[in-house]
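Chains A and B supply the protein sequences, listed in that same order.
Numbering-wise (the working numbering), the first sequence opens with residue 115 and increments by one.
Numbering-wise (the working numbering), the second sequence opens with residue 20 and increments by one.
No wet-lab data here; the hints were simulated from the structure.
Please read all numbers here as calculations on a predicted model, not as lab measurements.
Be a bit skeptical, because a hint or two may be false.
Output of the computed footprint for chain B on chain A, the stretches with three or more beta carbons under 8 Å from beta carbons of chain B [stated by the list, open to error]:
1) 123-135
2) 163-177
Beta-carbon label-pair distances, calculated as ranges [as the list claims (entries may be wrong)]:
3) 217/B with 265/A: 24 to 34 Å
4) 68/B with 219/A: 46 to 56 Å
5) 126/A with 59/B: 24 to 34 Å
6) 49/B with 227/A: 45 to 55 Å
7) 44/B with 164/A: 16 to 26 Å
8) 143/B with 270/A: 25 to 35 Å
9) 227/A with 50/B: 50 to 60 Å
10) 211/B with 156/A: 41 to 51 Å
11) 65/B with 176/A: 15 to 25 Å
The beta-carbon is built from N, C-alpha and C at its ideal position, and this holds for glycine as well.
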Amino acid sequence: MEAATDPQSAYRTWGPALVRKAERILRSREDAIDVVHALFADLLPRWTQDVDLPYLYRAVTNRCLNVVRDRGTRARLLEREHTSAAPVGRVRLEDQVVGIGLIAALADRLDGGHLDVLVARFVDDMTQDEIAEHLGLSRKTIGKRLDRIRDEVIALRGEAAS
Amino acid sequence: MTRALRCIGEPVSWLRLEELAIGISRAGVAEHVEACPACKHSFASITSDVVAMPPLVVPVRAPSTRRWWLIPAYAACAAAIVLFVVSRGRPGSSDAIKGGDISVGVIRERDGAIRDDAFTFAATDRFKVVVTCPPRFDTWVDVAVVEAGATKADFPVEAARIACGNRVVIPGAFVLTTPRPHRVCVRVGSGSAPPRTLPRDDDDDVRCVTLSPER
């Protein structure tokens with residue numbers, strides 16, 4: 115992966131990719147732009163040559179999950195999700211495309227490590243090997259976390275049905 | 020509602036597609052995209068997308084109080100500033116920013132569509148305020164929203180200190196809930212957050228734009 119020489123060029127080059135990623139989670143372009151802009155504004159004073167697109171991808175995931183955890187923002191985004199453009203679902207979780215509603219529900223039941231895997235697999239469409247490399251974890255750990263995520267989704271469905 | 024497109028094998032991740040879009044190609048990715056309708060569709064959604072990124076502005080930060088070893092440097096800077104101010108002579112010729120130094124605009128977001136040239140609103144629109152001011156300044160700004168006929172202003176976002184530049188986005192956003200014209204004003208303050216009083220068009224430190232409801 116090519117290193118960014120400075121934050122301004124990284125912002126111009128990778129900013130749109132990061133906005134699209136944040137938008138896939140939040141289903142709101144303006145909120146996505148806010149997340150990416152705030153990330154770069156925070157990184158400006160401590161920018162290093164180690165910052166690359168995968169690093170920024172992980173940082174955007176964390177920031178979007180923080181947005182989803184905020185109950186006030188979550189309510190607004192959930193309301194908007196119904197009217198936002200339909201995503202293309204290439205990778206599905208228990209036969210459903212992961213949207214902000216499911217992420218929000220799982221955010222109340224899973225820790226950050228599991229949510230990172232959830233987003234990497236079902237929002238970013240990464241393979242298990244790619245997730246392992248991306249998050250610096252073993253493939254076995256990724257598999258276990260995916261199993262736990264599926265269990266929680268099944269439990270959620272059971273609770274909703276009862 | 021979601022659309023489903025079936026990949027011919029293992030879908031290429033969005034990260035790999037983004038890399039491909041900026042010319043970083045990994046083994047097999049381009050070939051898969053070419054052969055797979057689902058991944059080709061996803062790749063096309065990247066290459067056809069335009070994202071209007073706001074300018075990245077250097078944030079203004081207070082100096083750390085733990086940098087005790089910088090005290091001599093600060094003292095030297097303070098002395099230089101005192102000398103500079105004294106040498107400028109005429110009292111009252113402050114270099115503080117004034118309302119006339121800035122222009123105010125808004126960014127409207129409606130169901131994901133962002134426009135910076137719209138001055139009308141509907142019930143669910145969100146607005147952010149942008150200001151343009153001379154780059155040599157940093158200044159406090161506070162946004163006030165005044166409904167037509169109102170005698171009090173709302174202050175929907177926190178006052179912020181910004182580094183001036185072209186179309187600097189003030190943090191925070193707001194919606195207008197009543198279908199009446201609203202004045203959106205920015206009051207500037209040089210040393211601290213400006214007072215939260217009703218803005219008037221003839222105030223020296225205020226600039227406004229009007230947003231009208233759509234019928």
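Hints, one by one, checked against the model:
Proximity of the stretch 123-135 of chain A to chain B, defined as three or more residues with a beta carbon under 8 Å from a beta carbon of that chain, is established by the 10 residues found. Against chain B, the stretch 163-177 of chain A contributes 3 residues with a C-beta closer than 8 Å to a partner C-beta. That satisfies the three-residue criterion, and the hint holds. For the pair residue 217/B and residue 265/A, the beta carbons lie near 57 Å from each other, so the given range of 24 to 34 Å is not met. A C-beta distance of roughly 29 Å is found between residue 68/B and residue 219/A, which places it outside the suggested range of 46 to 56 Å.
For the pair residue 126/A and residue 59/B, the beta carbons lie near 26 Å from each other, so the given range of 24 to 34 Å is met. Range check, residue 49/B to residue 227/A: Cβ separation about 33 Å, and the 45 to 55 Å hint is violated. The hinted range of 16 to 26 Å is satisfied by residue 44/B and residue 164/A, whose Cβ atoms lie roughly 23 Å apart. Remark: the range hint 25 to 35 Å for residue 143/B to residue 270/A is upheld by a beta-carbon distance near 29 Å.
Here the CB-CB span from residue 227/A to residue 50/B is close to 34 Å, at odds with the stated 50 to 60 Å. Range check, residue 211/B to residue 156/A: about 24 Å between beta-carbon atoms, so the 41 to 51 Å window is missed. The hinted range of 15 to 25 Å is satisfied by residue 65/B and residue 176/A, whose Cβ atoms lie roughly 22 Å apart.
Violation of the numbered hints given earlier is confined to hints 3, 4, 6, 9 and 10; the remaining hints are satisfied by the structure.
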